[in-house]
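From first to last, the protein sequence lines stand for chains A and B.
Residues 1 to 352 (UniProt numbering) are what the first sequence spells out, left to right.
Residues 1 to 339 (UniProt numbering) are what the second sequence spells out, left to right.
By construction, these hints were calculated from the structure, which means they are not laboratory data.
Nothing here was measured: the structure is a model prediction, and the numbers come from that model.
Wrong hints could be hidden among the right ones.
[Unchecked claim] Example chain A residues on the side facing chain B (calculated, C-beta under 10 Å, incomplete):
id	residue
1	Gly-71
2	Ala-128
3	Asp-195
4	Val-196
5	Ala-226
6	Thr-248
7	Glu-269
8	Ile-279
Glycine residues also receive a C-beta, built at the ideal position from the N, C-alpha and C atoms.
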Amino acid sequence: MSALLTVDHLSVRFPIRTGTIWSKIVGHVHAVDDVSFTIMRGETLGVVGESGSGKTSLGLAVLRGTEPSGGSVTLAIEGRSIPVTSLDKRDLRAARQHMQMIFQDPYASLNPRMTVRDILSEPLVAGAGKGSYGSRQQIDALVVDIATKCGLSRDQLNRFPHAFSGGQRQRIAIARALVLRPALVVCDEPISSLDVSIQAQILNLLAELQQTLGLTYLFIAHDLAAVAYVCNRVAVMYLGQIVEMGTTRQVYFTPKHPYTEALMSAVPEPDPDAERRPILLSGERPDPAHPPSGCRFRTRCPYATETCAALMPPLRPAGDGHLVACHYADDLKLRGALELRGGTEAAVQTNG
Amino acid sequence: MSALAEIPVLSVNQLSIAVDNDGTPVPITDDVSFTIGRGEVLALVGESGSGKSVTALALMQLLGAGLRIARGEIVFETHDGFRTDVVRLGAKGKAIEALRGARMGMIFQEPMSSFSPIHTIGAQIAEVVQVHEKVGRAAARARAAELLGKVGIPDPVGALDRYPTEFSGGMRQRAMIARALICKPSLLIADEPTTALDVTIQGQILQLLRSLKREFGMSILFITHDLGIVAQMADRVAIMYSGRIVESGPVRDIFRHPVHPYTRALLDAVPRLGDIDRGRRIQPIAGAMPNIFDAPSGCRFHPRCPVRDMPRCAEKLPPRAEVEKHFVECIHGERELAK
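Make a model of the complete structure from these sequences and hints.
Here it is, written out as structure tokens:
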């Protein structure tokens, strides 16, 4: 497997302004702070974290939907590498056919005045590849093909978004993102506005499309169980930084960062007999404009010491490609998703 | 279950709520019956459009314009001998106003929209006491500060003079809980109270609700779509689908031995943390919740049901089967419950 996406020291800063007319920049929020990772072709990398952790900003910055303030994003397509962060406007438009996004709210992301057919053909007729997708018939064939793959019928194409339920709208949004046959798809909370029974439809559809179209996903979500279901690897974000990253099994079953442990313990498992030993974090996430010194999690961390306030822990290897940013990663005995629920140890040991 | 839980605080009988559709009433919940015992937590579970929130609003006569209670009774009785049928009280007048916010409290999903942004937290919480009890401003403020402390807000006295926008989402939800509990209600209606919150904050709020329930000895109607929260919070569960309760029973029975095809399908549709290892595939439910103006005949789940028996399921409502307080509305109910 080769790397499709390489993100290197990516940062996104938003200015904080005061005043209305003669506004002054009084500081910056580091929404994404020095984040690096790669995604292999055909892989799904999950990004989990709570609101304000910077996961959506990260997804947008990768596609340059928001301008990064530092670092680089590189996409490897058909043997050449596209330096996404240094492209000019025109080249960026052309590069967008390789990278697309699916948003959270299918009610807000579809134009209510366009039919499904128009929504799905717009990327083919209005994008940088204008004119290169052939005649109207050929374009329509592409539209019908992707719509069918996403579970929409041909006669639904002439209808407007309001005629569809939330789940079907999300299918339309997925079809729109895939009609250009991108290599990378950033899915930003693609199921969180949907009902439980529909979430399963969309999760399975995304998995199926990944197989048939050879897609690579950056899957951003706060639902840890859904992320476990679709992702090969997971990055955990807290206040703009990746605090832990590894295979889904590593992160879920043998977490090395106290925040990951707390997140895992907080997920309510749909089982009334599941033993619960939740680690209740005190307090809430600090103001991202004024992050704590040292480790950003230390104000809520049950294991924090003076060292944590003085030094920022780097994201460092913890064996088998598992990365963690904690001074005490080697000393802490943290519990994973199975142990926290009194599950069998066997599964954890096989992780070896 | 404790003996106290056998004494009902709330008995809802055959409640039907109708929406006015150009002059013709269309039922959006139909024949909804359930009870909540003292100190008991009942989870009302359903997806959007199932009628769970509208049922909760009806309990306090808070239905919006165009909606009305078409039939049924809502009997509310408390330990001090107070007993009333909320339906008969009507939506306006002293009697229902004395009940709302005092004997029954309610918390909502979005704490920001349930506080006024231009009044302080303290004023909005103290107001509830002053409306319902003959106490002065200072005493009401003291009570508000006490409650804010109980729900875990740091510096409760200082918090009285702050505005809702100065609070984070979790703190606002705590303040809303304080306001709902300040008159020591016998019943708390919690409509998706943690849906807008982060998972670690959700954990804090659920923990808080559990400990307050013990301290205040109140009953809770917990409305949610999250089966994980149900498993963690509820003593009993009622599953709603398209305006009807299709299955209800003790939480353990519902999770261990679900009978209604919809309940089973819901449980099969949720991914779980342990799935990475087990290779379990989640099973989506085909189709979508029916439109209330075009509800299917017979059993409303029949168009999506994997075990339907046609044409029987489309012809008339299935009978209700019961074994030891586990109720199911399905033609296979009796046979499956006996297993």
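Structure-based check of each hint:
Hint status for Gly-71 of chain A: violated, given a least beta-carbon distance of 26 Å to chain B, over 10 Å. The interface hint given for Ala-128 of chain A is violated, since its Cβ lies 36 Å from the closest Cβ of chain B, which is over the 10 Å cut-off. Proximity of Asp-195 of chain A to chain B holds as hinted, the smallest CB-CB distance being about 4 Å (cut-off 10 Å). With a least beta-carbon distance of about 6 Å to chain B, the hint placing Val-196 of chain A at the interface is held under the 10 Å criterion.
Residue-level restraint check for Ala-226 of chain A holds (minimum Cβ-Cβ distance to chain B is 5 Å; threshold 10 Å). Among the interface hints, the one on Thr-248 of chain A holds; its C-beta lies about 5 Å from the nearest C-beta in chain B, closer than the 10 Å criterion. Interface restraint check for Glu-269 of chain A: the shortest CB-CB distance to chain B comes to about 6 Å, inside 10 Å, so the restraint holds. Evaluation of the Ile-279 of chain A hint against chain B yields a held restraint, the C-beta minimum of about 9 Å falling below 10 Å.
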